[in-house]
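Undergrad: Here are the chains, one letter per residue:
There are 2 protein chains.
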Amino acid sequence: MELKQDAQTYEMQHLLTYYECDETGHPSMSMLLSMISMASDEHSLSLGMDTALIQKTGGTWVVSGYEGRLNRKQPTFGENVILGTRAVAHNRFFAVREFWMTDDTHTVEYARLKAIFVFMNLATRRMESIPEAMIDPYESPAVKRIPRLKRPAKLGAEELLTQKEYRVRFFDLDANHHVNNARYFDWLLDPLGRTFLREHRPKQFSLQYLQEVRNGQMVVSRVSKPQPTADQQVTRHEIKTADQVNTIAEIEWY
Amino acid sequence: MELKQDAQTYEMQHLLTYYECDETGHPSMSMLLSMISMASDEHSLSLGMDTALIQKTGGTWVVSGYEGRLNRKQPTFGENVILGTRAVAHNRFFAVREFWMTDDTHTVEYARLKAIFVFMNLATRRMESIPEAMIDPYESPAVKRIPRLKRPAKLGAEELLTQKEYRVRFFDLDANHHVNNARYFDWLLDPLGRTFLREHRPKQFSLQYLQEVRNGQMVVSRVSKPQPTADQQVTRHEIKTADQVNTIAEIEWY
Chain A
1 MELKQDAQTY EMQHLLTYYE CDETGHPSMS MLLSMISMAS DEHSLSLGMD TALIQKTGGT
61 WVVSGYEGRL NRKQPTFGEN VILGTRAVAH NRFFAVREFW MTDDTHTVEY ARLKAIFVFM
121 NLATRRMESI PEAMIDPYES PAVKRIPRLK RPAKLGAEEL LTQKEYRVRF FDLDANHHVN
181 NARYFDWLLD PLGRTFLREH RPKQFSLQYL QEVRNGQMVV SRVSKPQPTA DQQVTRHEIK
241 TADQVNTIAE IEWY
Chain B
1 MELKQDAQTY EMQHLLTYYE CDETGHPSMS MLLSMISMAS DEHSLSLGMD TALIQKTGGT
61 WVVSGYEGRL NRKQPTFGEN VILGTRAVAH NRFFAVREFW MTDDTHTVEY ARLKAIFVFM
121 NLATRRMESI PEAMIDPYES PAVKRIPRLK RPAKLGAEEL LTQKEYRVRF FDLDANHHVN
181 NARYFDWLLD PLGRTFLREH RPKQFSLQYL QEVRNGQMVV SRVSKPQPTA DQQVTRHEIK
241 TADQVNTIAE IEWY
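Line order of the protein sequences matches chains A and B.
The first sequence begins at 1 in our numbering and counts up one residue at a time.
The second sequence begins at 1 in our numbering and counts up one residue at a time.
Bound-form chain A, shown alone (with noise of 0.2 Å):
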């Protein structure tokens, strides 16, 4: 297998295991997330960026956003696959990347996908420029602008609605002290319940976090009633804490 390895882009093999899939069998997709963002983790230590050396600036990386797409064909746990990631371009504030998971010969593309990365000061949890030394190292282009990921819809006031209630647990928390990115789609898709996610699977999706849930809030996942007759299948999801909107996200599944 060919992995391709230079400053901007990284690739690593991952034999996708059991616990990473659901009952079809196939990744979750706060699995998915977790997978890239491994790949992504891998890339910075590639390039000598340890947890140690961002710890140092006083700051962390944090997603703003993802929006993908997915085949339908999807890897089976046992599989090896390849998870990729590429530095595509930053400005003084935001660093866009692709990540991409294939089957272990480039062949099958199973998801691509895009995020925004923002630079957050962990004292004063505010957004600060991002460190030179903490991108230089990817050699991303430089831009003036950085295009904007496709913003999910709004619940509308008056849509049929699914709700439930879900209670952050210790194991939902990261060594970063926070709800981990990746645990937000559990709470986003469970609502739906088991036979529509046995029967359909992602096949475009944005999300936008607009504020992190903590450690001890009840989350409420809202989401619009899937219409059984559309050609075309689309969800609307937000998870609220009190009156507070922290996620919102719109998937159109196959």
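Mixed in with the good hints, there may be bad ones.
Since the list can't tell identical chains apart, any single copy or any two copies may satisfy a pair.
Unchecked claim - Okay, derived cross-link-like pairs now, DSS-like style, lysine-lysine, Cα gap no bigger than 30 Å in a straight line:
| # | residue 1 | residue 2 |
| --- | --- | --- |
| 1 | LYS73 | LYS56 |
| 2 | LYS225 | LYS4 |
| 3 | LYS73 | LYS144 |
| 4 | LYS164 | LYS240 |
| 5 | LYS144 | LYS164 |
| 6 | LYS56 | LYS240 |
| 7 | LYS150 | LYS203 |
What the hints contain is simulated information worked out from the structure, not anything from laboratory work.
Since the structure of chain A is provided, determine the placement of chain B on it from the hints.
TA: Chain B alone, transformed into the frame defined by chain A:
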């Protein structure tokens, strides 16, 4: 790195990911169980026993219990570890398997576990004798008596308890259409709370699965209140659905 692989024993290298670790930066118990069961899946695959072949028997392997011991020193995400497993012994109904996780030079042993497996008929949902084709390839010795695992002490009727309720979610189910074995550990530990789980780490544990939790059920996880003054800190756990006890466990903590 030298990996031991023969019929009875299988070792594999594994890059410990961020999402296999909890807030402490070390693997959570549920992820430890997930990782070692990946090792036994790979062991079976390496001997030609894939999912299709196992399914043809009309049955499946089921873990009835675990016991284990963990080092105070645990690996951190980003570290390469060795996951190992050995088919220790079997009789007509039970198979014993040992598991370990070490650093990438076999110098530090992070964890050593033992599990008892039974073979369940998928139609009757009852235990059946292990098909020869499912056990012979491991070349594990056939024995008369299988040593029992340590049985977890039961929660006393008078004990001070903490308890929390959990609803089974879609992403708790695995490709076997059941709540994944490893997930029980998230329910077992979560009621202990963030402060306790950040400051303590499992040293020894034993766990027994009595009755499986099914999709859509609500589980109650009950835990004896840790006594912070004792020099040997032990918690006793049970998971119940209605009046049924599904799982019991006992954990000694560092």
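Undergrad: It remains to establish, for every hint, whether it holds in the given structure.
TA: Now the hints, each set against the structure:
{"no.": "1", "hint": "LYS73 / LYS56", "in the structure": "between (42 Å within a copy, 25 Å between copies)"}
{"no.": "2", "hint": "LYS225 / LYS4", "in the structure": "neither (42 Å within a copy, 52 Å between copies)"}
{"no.": "3", "hint": "LYS73 / LYS144", "in the structure": "neither (37 Å within a copy, 47 Å between copies)"}
{"no.": "4", "hint": "LYS164 / LYS240", "in the structure": "both (11 Å within a copy, 22 Å between copies)"}
{"no.": "5", "hint": "LYS144 / LYS164", "in the structure": "neither (42 Å within a copy, 51 Å between copies)"}
{"no.": "6", "hint": "LYS56 / LYS240", "in the structure": "neither (33 Å within a copy, 46 Å between copies)"}
{"no.": "7", "hint": "LYS150 / LYS203", "in the structure": "within (15 Å within a copy, 48 Å between copies)"}
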